[in-house]
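K.L.:
Listed below are the residues making up each chain.
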Amino acid sequence: MPANILLIIPLLLPLLGAITCVFMWRDIKWQTVVVSCVQLIFVGISGIMLQQVLMQGMQVTQIGGWPAPYGITLVADVLSALMLLTTSIAGLAVFMFSHVALDKSRKKFGFFPLFLLLQMGVSGVCLTGDIFNLYVWFEVLLICSFALIALGSKKSQLEGALKYVTINFIASGLLLTGVGVVYALYGALNLAELALLVRSEHVNAELLALPGIFFLTGFGIKAAIFPLFFWLPASYHTPPIAVSAFVAGIVSKIGIYTLLRLYSLIFSVEGDYAQPLLLLLSGLTMVVGVVGAAAQVDFRKILSFHIISQIGYMLMGIAIYTPLAVAGSIFFVIHNMLVKTNLFLVSGVVARRHRSFSLTRLGGVYLKHPTLSFLFLISALSLAGLPPLSGFWGKLMLAKGGFQAGNYILVATSLCVSLVTLLSMTKIWNEVFWKPRPKRLKQSTHETMGTYTLYFPVFFLLVFILILGVFADPVIQVCKIAAQEVFHSEIYINAVLKDKRP
Amino acid sequence: MEILLPFLTGTLFSVSIYFILHRHLFKLILGLILFGLSTNLFLFVVGGMKRGSIAIIEQGSNLPAEPYADPVPQALLLTAIVIGFGIQAFSIVLIRRVYQTFKSNNMDNLNNNEKI
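In order, the protein sequences belong to chains A and B.
So in the UniProt record's numbering the end of the first sequence lands on 502, straight run, no missing numbers.
So in the UniProt record's numbering the end of the second sequence lands on 116, straight run, no missing numbers.
Fair warning: there could be bad hints in the mix.
To be verified - List time: in silico DSS-like cross-link candidates among lysine-lysine, alpha-carbon distance up to 30 angstroms: (1) A:Lys104 <-> B:Lys103; (2) B:Lys103 <-> A:Lys108; (3) B:Lys27 <-> A:Lys163; (4) A:Lys155 <-> B:Lys27; (5) A:Lys163 <-> B:Lys50; (6) A:Lys29 <-> A:Lys104; (7) A:Lys498 <-> A:Lys400; (8) A:Lys439 <-> A:Lys427; (9) B:Lys50 <-> A:Lys155; (10) A:Lys163 <-> A:Lys29; (11) A:Lys480 <-> A:Lys435; (12) A:Lys427 <-> A:Lys480; (13) A:Lys498 <-> A:Lys435; (14) A:Lys154 <-> A:Lys108; (15) A:Lys154 <-> B:Lys103; (16) A:Lys154 <-> B:Lys27; (17) B:Lys27 <-> A:Lys107; (18) A:Lys107 <-> A:Lys155.
Said to hold, decoys possible - Here are a few chain A residues that sit away from chain B, every Cβ distance over 10 angstroms (derived from the structure): (19) Trp66; (20) Val179; (21) Lys400.
As the list claims (entries may be wrong) - Label-pair restraints from in silico Cβ distances: (22) A:Tyr273 <-> B:His24: 25 to 31 angstroms; (23) A:Glu490 <-> B:Asp70: 41 to 47 angstroms; (24) B:Ile57 <-> A:Lys154: 23 to 29 angstroms; (25) A:Leu40 <-> B:Leu4: 53 to 59 angstroms; (26) A:Asp473 <-> B:Glu2: 58 to 64 angstroms; (27) A:Leu280 <-> B:Pro67: 28 to 34 angstroms; (28) A:Val470 <-> B:Arg97: 31 to 37 angstroms.
Derived from the structure by calculation, the hints contain no laboratory data.
Since this is a predicted model, take the numbers as computed values, not measurements.
Positions of the beta carbon are idealized from the N, C-alpha and C atoms, including for glycine.
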């Protein structure tokens with residue numbers, strides 16, 4: 001498939017799907033049909049894109065035909081194709097879940113179009129080759145997640161959405177300020193052009209740290225890095241599970257992806273300020289997230305705090321900044337997107353059966369639904385990083401990269417944190433699945449047909465998690481290729497600016 | 001004039017952050033709007049302020065006539081204004097809804113989620 005068609009489909013497909021859904025506003029049945037077609041094609045296209053990028057190298061297209069530094073550039077390298085494939089798989093699972101679990105009124109008020117537009121925003125962020133467009137796509141993504149979190153207007157949702165909107169608005173403002181500073185310093189917005197200018201002897205090279213800090217703070221807020229994460233546990237558990245699974249599984253990792261992209265192409269990790277700062281922040285993010293989770297008694301809140309702690313691991317790979325560590329980080333992002341989405345879905349299934357998310361009000365699930373318990377167990381152990389499940393390989397690569405680079409304290413911290421993660425998952429297991437059901441609550445009898453079909457998306461994601469664990473080697477190889485591309489930015493520059501130079 | 005604008009931007013930023021941190025909901029709206037305005041103003045100032053002709057290249061020459069203002073920051077600014085407008089509109093509706101649901105103007109009453 002030619003690059004110009006291949007790269008535009010992940011943006012156009014959700015957009016067209018969303019428009020079609022808007023035209024069929026009250027007709028949920030047809031909306032469902034449209035969305036399922038879109039999701040299936042989306043997964044297929046992402047797969048083709050990854051395959052093509054691996055076979056033929058980086059795919060670039062210029063929208064409108066203007067050559068690179070002036071036009072709108074779309075770039076797909078292995079990293080962005082991997083992100084796209086993972087998000088599309090998670091999106092398919094979340095769609096299957098929402099089809100059964102989401103209430104009618106939310107579907108009637110535009111859940112599907114918003115969900116598709118959110119996916120369009122995610123693909124835009126992954127594919128864009130322009131720093132201002134990156135900001136614009138992030139806004140597309142954010143406004144959809146704002147609307148999705150507030151959709152339904154329950155008290156807790158409104159409260160969570162208000163906090164989410166305010167802090168993310170500030171973060172976007174900081175990003176925009178950063179874009180302004182970058183343009184003022186270098187007079188370019190195209191990522192490849194900027195990468196070229198940064199690597200040449202430019203008069204403003206000394207001032208590059210300034211926009212770097214703007215972007216680190218802005219994306220740090222969006223990715224929930226240590227001192228900037230307080231909005232996440234206050235808002236991610238409030239919307240219905242179909243929304244929080246996708247937002248929690250995907251959106252915060254997109255912040256990490258952009259940090260990796262920008263800090264490899266434009267700002268350097270190995271500068272005087274970035275590496276110590278990132279190392280410190282990643283360690284603190286891990287520890288604070290996992291300690292915060294220990295204090296919670298709500299299923300979704302424990303998982304929300306674990307997102308923060310996992311973000312610390314992804315940041316650790318970027319902070320160490322060796323090819324192995326970055327590959328580990330990429331692997332970890334993929335693993336975490338799938339596992340975190342799956343754990344949220346499991347919590348949704350449990351809550352649908354037993355009408356609660358609170359650990360004190362749940363119990364005895366293992367006795368009643370052994371299959372569900374098994375599904376949770378695999379995902380939870382994978383999150384904690386037990387071999388041979390997927391989390392183990394990510395952590396192994398990160399730890400190995402850390403040892404090679406001599407960051408012993410950080411590696412020790414990360415290993416301790418994964419032990420505490422295991423503890424926290426055991427806590428959920430004990431309270432929700434093993435403990436006898438609290439007597440004072442009457443037995444729930446919501447054995448509708450719908451709940452069994454809810455197992456299907458969980459199974460679906462679990463298959464990918466198991467593949468990621470058992471057949472880790474090919475995925476690790478792909479991640480290593482992606483990390484190589486991240487390190488050799490001249491590949492990116494040459495691919496985008498090939499028209500400019502002989 | 002040009003020396004005044006950076007100070008103005010800085011003042012706007014600090015005032016907007018102060019308003020956002022205030023517990024009154026209406027001040028939050030004001031804060032969000034002012035924050036959007038100050039980022040836009042920052043973008044405008046940092047792009048370089050020049051009076052003079054427009055950056056349209058005459059037929060037969062390769063460069064526009066000096067002095068000209070850089071059009072790119074202005075284009076960015078327009079996009080940013082539109083995006084900011086959308087988000088501000090959304091947040092105003094959201095805040096109004098919060099006010100209607102909670103029957104309160106005070107942000108301190110919005111901490112029920114912590115008790116879940």
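K.L.:
State the violated hints by number, sorted upward, taking the hints as numbered earlier in the document.
P.N.:
Those not satisfied are hints 5, 7, 9, 10, 11, 12, 13, 17, 20, 22, 23, 24, 27, 28.
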